[in-house]
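Next come the chains, spelled out residue by residue.
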Amino acid sequence: MKLKLEDFDKGTQECIRCRNCTIGAQVPGVPAVEVCPFHKYHNNNRVYSAQSFWQTTKSLLLGDISLSPLFTDLLFQCTTCGSCVEHCVFHLMQNPYVDSVKLVEYLRSEMVKKGFGVPIHLKFGEHIEKEHNPYMELHQNRWDWLPFKKEKLPKTAEYVFFVGCTSSYRQKQIAKATVNILEKLGLDYTVMCRPGMDEWCCGSPLQRTGQEDKAKTVAEHNLEAIKKTGAKKVITSCSGCYKMISKDYKELYDLDYDFEIVQSVQFLLDLVKKGELEFANPVNMKVTYHDPCHLGRHMGVFEAPRELLKSIPGIELVEMERNREYAWCCGAGGGVRAAYPDITMFASTNRIKEAEDTGADALVSACPFCWRGLHDAIEEKGSKLEIFDVVELVEKAMKNRS
Amino acid sequence: MKSNPKYEISITAQKELTDLLGEKNVCFTRDLLSVYRAKPFGQMFREAVNPHGMVQPETVEDVQGILKIANKYEIPLILAATMGPGACLEGGLIVDMYSRMRKIHKIDPECGYALVEPGVTCGQLLKALRPHGCWVSFGSYPPIQSNLSTLVCCRAQTNAIGKEDDFCRGIEVVLPTGEIVKTGSAGLGYDMWADTHGIPNLKWLWQPSMGTLGIITKAAIRIHPLGEVQDIVIAGFNNFDNAIEWSHKITREVMVNTSMVWSYHWVQWENYAHNNGKGFVKYINDMLTLKPDEAPPGYYPMYAFASISGFKEQVEGNVKACQRLAKELGGEIVNEKFKEQNPGCWNKWEHSFLEHVNPGMALERSHIYGVEAGMEAFTVETNVRDGKSFHHAILRRLYEKHGLRHVRYYTRQLDHGRTSFQRYLFMHDAFDQETLDREIEVEEDLLKWTSTKEFKEQFPNIVPFAPVAHSSAVGEIGKKEEEIPVHYGLMELDRRIQEVLDPNNIMDPVMRRKEE
Numbered sequence: 001m002k003l004k005l006e007d008f009d010k011g012t013q014e015c016i017r018c019r020n021c022t023i024g025a026q027v028p029g030v031p032a033v034e035v036c037p038f039h040k041y042h043n044n045n046r047v048y049s050a051q052s053f054w055q056t057t058k059s060l061l062l063g064d065i066s067l068s069p070l071f072t073d074l075l076f077q078c079t080t081c082g083s084c085v086e087h088c089v090f091h092l093m094q095n096p097y098v099d100s101v102k103l104v105e106y107l108r109s110e111m112v113k114k115g116f117g118v119p120i121h122l123k124f125g126e127h128i129e130k131e132h133n134p135y136m137e138l139h140q141n142r143w144d145w146l147p148f149k150k151e152k153l154p155k156t157a158e159y160v161f162f163v164g165c166t167s168s169y170r171q172k173q174i175a176k177a178t179v180n181i182l183e184k185l186g187l188d189y190t191v192m193c194r195p196g197m198d199e200w201c202c203g204s205p206l207q208r209t210g211q212e213d214k215a216k217t218v219a220e221h222n223l224e225a226i227k228k229t230g231a232k233k234v235i236t237s238c239s240g241c242y243k244m245i246s247k248d249y250k251e252l253y254d255l256d257y258d259f260e261i262v263q264s265v266q267f268l269l270d271l272v273k274k275g276e277l278e279f280a281n282p283v284n285m286k287v288t289y290h291d292p293c294h295l296g297r298h299m300g301v302f303e304a305p306r307e308l309l310k311s312i313p314g315i316e317l318v319e320m321e322r323n324r325e326y327a328w329c330c331g332a333g334g335g336v337r338a339a340y341p342d343i344t345m346f347a348s349t350n351r352i353k354e355a356e357d358t359g360a361d362a363l364v365s366a367c368p369f370c371w372r373g374l375h376d377a378i379e380e381k382g383s384k385l386e387i388f389d390v391v392e393l394v395e396k397a398m399k400n401r402s
Numbered sequence: 403m404k405s406n407p408k409y410e411i412s413i414t415a416q417k418e419l420t421d422l423l424g425e426k427n428v429c430f431t432r433d434l435l436s437v438y439r440a441k442p443f444g445q446m447f448r449e450a451v452n453p454h455g456m457v458q459p460e461t462v463e464d465v466q467g468i469l470k471i472a473n474k475y476e477i478p479l480i481l482a483a484t485m486g487p488g489a490c491l492e493g494g495l496i497v498d499m500y501s502r503m504r505k506i507h508k509i510d511p512e513c514g515y516a517l518v519e520p521g522v523t524c525g526q527l528l529k530a531l532r533p534h535g536c537w538v539s540f541g542s543y544p545p546i547q548s549n550l551s552t553l554v555c556c557r558a559q560t561n562a563i564g565k566e567d568d569f570c571r572g573i574e575v576v577l578p579t580g581e582i583v584k585t586g587s588a589g590l591g592y593d594m595w596a597d598t599h600g601i602p603n604l605k606w607l608w609q610p611s612m613g614t615l616g617i618i619t620k621a622a623i624r625i626h627p628l629g630e631v632q633d634i635v636i637a638g639f640n641n642f643d644n645a646i647e648w649s650h651k652i653t654r655e656v657m658v659n660t661s662m663v664w665s666y667h668w669v670q671w672e673n674y675a676h677n678n679g680k681g682f683v684k685y686i687n688d689m690l691t692l693k694p695d696e697a698p699p700g701y702y703p704m705y706a707f708a709s710i711s712g713f714k715e716q717v718e719g720n721v722k723a724c725q726r727l728a729k730e731l732g733g734e735i736v737n738e739k740f741k742e743q744n745p746g747c748w749n750k751w752e753h754s755f756l757e758h759v760n761p762g763m764a765l766e767r768s769h770i771y772g773v774e775a776g777m778e779a780f781t782v783e784t785n786v787r788d789g790k791s792f793h794h795a796i797l798r799r800l801y802e803k804h805g806l807r808h809v810r811y812y813t814r815q816l817d818h819g820r821t822s823f824q825r826y827l828f829m830h831d832a833f834d835q836e837t838l839d840r841e842i843e844v845e846e847d848l849l850k851w852t853s854t855k856e857f858k859e860q861f862p863n864i865v866p867f868a869p870v871a872h873s874s875a876v877g878e879i880g881k882k883e884e885e886i887p888v889h890y891g892l893m894e895l896d897r898r899i900q901e902v903l904d905p906n907n908i909m910d911p912v913m914r915r916k917e918e
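Protein sequence lines, in the order shown, are assigned to chains A and B.
Numbered by our numbering, the letters in the first sequence go through residues 1 to 402 in order.
Numbered by our numbering, the letters in the second sequence go through residues 403 to 918 in order.
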């Protein structure tokens, strides 16, 4: 559905600048925690906040201001994590008009239309059009991580692993672990890696940075490619891909499909519950779980990764103060890591400190993009924390299984 | 964006402010400052413009520096606290006191105060007080609201869930010229913050505002022991006069923390607002058939309640006295029935009065109405005797002149019953512009009515809440400053004080110019 500025009018009336979206809702049942990474990065400057998005929109609607490059930092430094939405008084009352993530994505798309996009975002947008990934890599290298020749994989299968760009080009260990698990389970699966049936960027980096037309193009390609595999279930290890395909393809681009899409933690937990996935090796480790925004807040998947971790023998799961819908963002999303790495480092360093405070040995997440942001902060900070994706621990627990 | 070019902040001044506070704590890009444009109410947003700049201090030294620079370049200042500033009518420099000045300097349960900076929130302070066995008064605002901006600067509006109407033992203020002044014993160099008898109590010069004669940087907020036992007495009455009589009598005897009278309409409004909208449809249906000040069968048109805390024996005795008095005035104790009939409203009271937790839900009704609903209110301060006759007169005017049958209202007893605070809200569903405009029209009519000679002769003890000195920049009712009768000697004196304390007129420029 194409949004218009007027669609946000109701929300502008409802935003009362109470600041729950920045420093934490202090209402019963909601933890009073810091909420917004980019607000905190800016020393709690109210200009950089969700309420500022709404009040700016109010002025835009009144015609008192118009979008210009002056708004670049305000609109593109937000990680679109949605923590502000969770803390909003009106959201707590299930008010549908105060979706700040939707608003900021809309305003970004207007900025791009007016030629005020962020250069580095536009650059990776062009590369996605050409090589179908935002990492300036060649498309032909997308499957380099496969532990076997891609021709070994069938063209059609019941399960299709949608790898995503980050796991394909950067956090390859996550892609490998996922394929190894699928192999060991002996499932009828494949990876989309044939010409015409090949996986492109899911479009999430484009959608988050205001390039929705390009995002729709890749979405249409991916759906066609998936349909050709005859997949009944599509598995993603990336939470960004998961949100994009399962929610945004339908809601934003009106695209339809009849396969099921699951994040790897949901898929694996389901197998554990059915008794089809058993663990032989204990993983003796105290871990804490970081909720990826795209999986948690945006899609409501909070318990599956936790249940899966708890099902692994030897794992002790401890929670950080800000968890589930109130989790602190790693700071990498929304195109921020590419354009404003300082903000990402600020947010992820903050998160690492919180993880260290739990006394955990390792920080676990379920998103390769979070992995990257958090890993960089561990290195920068010299932290002793290890970092894993949930699938890596699942693979460890499965090793040596006959 | 129209504004007064006189308020432009020069590049030199911008640089000095940036050097003082750091780049992250200033903003001079005007287009980005819509968030500081006005108070949250839509009407005022339309009248206002974006400010010319924003600074956010962290320390009292920062505030001093800002004031010195503002004086040097004659930059008009607008103070901002929790929910935006007052009306930024022509521009100026926002001083955001909320974002970084968030320290609780001291909690002294024995002396009964907490020394806080302007950004300390109600929720933050309530949480910090709990281990000390204390609580702080709060109003029908969300817990994110600054204690200082509500209790100190809009005092009469925020004692809904409190014990008194003077919330403050003393303040630290930076004068427009940059000097620091402390009031009371702290001003004499003592560590204890208290009013003292030996010197004039100057705190009231600044207290109704955050920044028209200086900027308050600390306030010693009164705190109270939680008490051994908490209780609530709810009494139903068939008429306003008896309900307010009950509330007044028990308050005058200093036996309750808070006592209020809520009309049936107010109860219902709060009820569905605090219960996810449940009860809304029934209420609307009831309204179609009800006469003014009438309630459906099984309900009372007036509910009066009292919150009581203290030692067990004391609470038991006070509850009994409240019950007896209600009976004598023709009322009935309806605690259990009320809970059953009005679960949402009860939920709010339970949180507020028994648990001393700010439920933070006063604004949540907007999920039905939009936040602008009901924000236009008409409020007076009076005494119980005159309050009764005024009550009937205003209801008659609202019905006869504006066709409003079901007005919701409440009253509170301030200063242990010496002042009756009466507030009237006109609309039940003001979420569209047309209704909002009508709401404003009604309010303006009431303001005109109450400022006529005939009204003053008829009601010499009715003081409309709007004309409050110093509230023009940040006060709850900032936009009404033109209503202040400047010819009165008090206001003339006030103007002279302003001239002395703020020679360059940087603190309240819009108001002052009108007087010139």
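What the hints contain is simulated information worked out from the structure, not anything from laboratory work.
Don't take each hint at face value.
What the hints assert, rightly or not - Cβ pair distances, simulated, as ranges:
| # | chain 1 | residue 1 | chain 2 | residue 2 | range |
| --- | --- | --- | --- | --- | --- |
| 1 | B | D839 | A | E224 | 49 to 55 Å |
| 2 | A | N141 | B | K529 | 26 to 32 Å |
| 3 | B | P533 | A | N141 | 58 to 64 Å |
| 4 | B | I413 | A | E220 | 25 to 31 Å |
| 5 | B | E425 | A | E34 | 46 to 52 Å |
| 6 | B | P533 | A | E34 | 49 to 55 Å |
| 7 | B | N678 | A | E34 | 34 to 40 Å |
| 8 | B | K680 | A | E220 | 31 to 37 Å |
| 9 | A | E126 | B | D839 | 26 to 32 Å |
| 10 | A | D342 | B | S412 | 50 to 56 Å |
| 11 | B | K529 | A | K384 | 49 to 55 Å |
| 12 | B | E425 | A | E220 | 52 to 58 Å |
| 13 | A | D342 | B | I413 | 48 to 54 Å |
Unchecked claim - List of simulated lysine-lysine pairs, DSSO-like, C-alpha gap at most 27 Å:
| # | chain 1 | residue 1 | chain 2 | residue 2 |
| --- | --- | --- | --- | --- |
| 14 | A | K10 | B | K417 |
| 15 | B | K584 | B | K651 |
| 16 | A | K40 | B | K651 |
| 17 | A | K40 | B | K529 |
| 18 | A | K184 | A | K172 |
| 19 | B | K508 | A | K40 |
| 20 | A | K381 | B | K529 |
| 21 | B | K680 | A | K10 |
| 22 | B | K529 | A | K353 |
| 23 | B | K739 | A | K40 |
| 24 | A | K247 | A | K228 |
| 25 | A | K2 | A | K184 |
| 26 | A | K216 | A | K184 |
| 27 | B | K722 | B | K680 |
Here the structure is a predicted model, which means the values were calculated and not measured.
The C-beta atom is built at its ideal place from N, Cα and C for all residues, glycine as well.
Here is how each hint holds up against the structure:
For D839(B) and E224(A), the hinted distance range of 49 to 55 Å is satisfied, since their beta carbons lie about 53 Å from each other. Between N141(A) and K529(B) the CB atoms are about 54 Å apart, so this pair departs from the stated range of 26 to 32 Å. Separation of P533(B) from N141(A) is about 59 Å and conforms to the stated range, judged on CB atoms against 58 to 64 Å. The hinted range of 25 to 31 Å is not satisfied by I413(B) and E220(A), whose Cβ atoms lie roughly 51 Å apart.
In this structure, E425(B) and E34(A) break the distance hint of 46 to 52 Å, their C-beta atoms being roughly 21 Å apart. The hint said 49 to 55 Å for the Cβ distance between P533(B) and E34(A), and at roughly 22 Å that hint is violated. For the pair N678(B) and E34(A), the beta carbons lie near 28 Å from each other, so the given range of 34 to 40 Å is not met. Separated by about 44 Å at the C-beta atoms, K680(B) and E220(A) break the suggested range of 31 to 37 Å.
For the pair E126(A) and D839(B), the supplied restraint of 26 to 32 Å is violated, since their beta-carbon distance comes to about 50 Å. As the Cβ distance of D342(A) to S412(B) is approximately 30 Å, the hint placing it in 50 to 56 Å is violated. Take K529(B) and K384(A): their Cβ atoms lie about 32 Å apart, and the range 49 to 55 Å is violated. A hinted range of 52 to 58 Å is violated for the C-beta pair E425(B) and E220(A), which are about 44 Å apart.
The hinted range of 48 to 54 Å is not satisfied by D342(A) and I413(B), whose Cβ atoms lie roughly 27 Å apart. Proposed proximity of K10(A) and K417(B) is contradicted: the alpha carbons are some 38 Å apart, above 27 Å. Only pairs whose Cα atoms come within 27 Å are accepted, and K584(B) paired with K651(B) is rejected, the gap being roughly 37 Å. For the hint linking K40(A) to K651(B), the alpha-carbon distance of about 50 Å lies beyond 27 Å, and the restraint is violated.
Using a Cα cut-off of 27 Å, the hinted pair K40(A) and K529(B) holds, with the two alpha carbons roughly 22 Å apart. Under the criterion of a C-alpha separation no larger than 27 Å, the hint pairing K184(A) with K172(A) is consistent with the structure, at around 18 Å. Distance restraint check for K508(B) and K40(A): the Cα-Cα separation of roughly 25 Å lies within the 27 Å cut-off, and the hinted pair is therefore satisfied. The straight-line distance between the Cα atoms of K381(A) and K529(B) is roughly 32 Å, outside the 27 Å bound, and the hint therefore fails.
This hinted pair checks out: K680(B) and K10(A) have alpha carbons roughly 22 Å apart, not beyond 27 Å. In summary, the hint linking K529(B) to K353(A) is supported, as the alpha carbons are separated by about 24 Å, within the 27 Å threshold. Only pairs whose Cα atoms come within 27 Å are accepted, and K739(B) paired with K40(A) is rejected, the gap being roughly 47 Å. Taking the CA atoms of K247(A) and K228(A), the gap is near 21 Å; set against the 27 Å cutoff, the hint holds.
For the given pair, K2(A) sits about 44 Å from K184(A) by alpha-carbon distance, which is inconsistent with the 27 Å threshold. The hinted pair formed by K216(A) and K184(A) fails the criterion: a straight-line CA distance of about 35 Å is larger than 27 Å. Restraint check for K722(B) and K680(B): not satisfied, since their Cα atoms lie roughly 33 Å apart, outside the 27 Å limit.
Hint check: violations occur at hints 2, 4, 5, 6, 7, 8, 9, 10, 11, 12, 13, 14, 15, 16, 20, 23, 25, 26 and 27; the rest are consistent with the structure.
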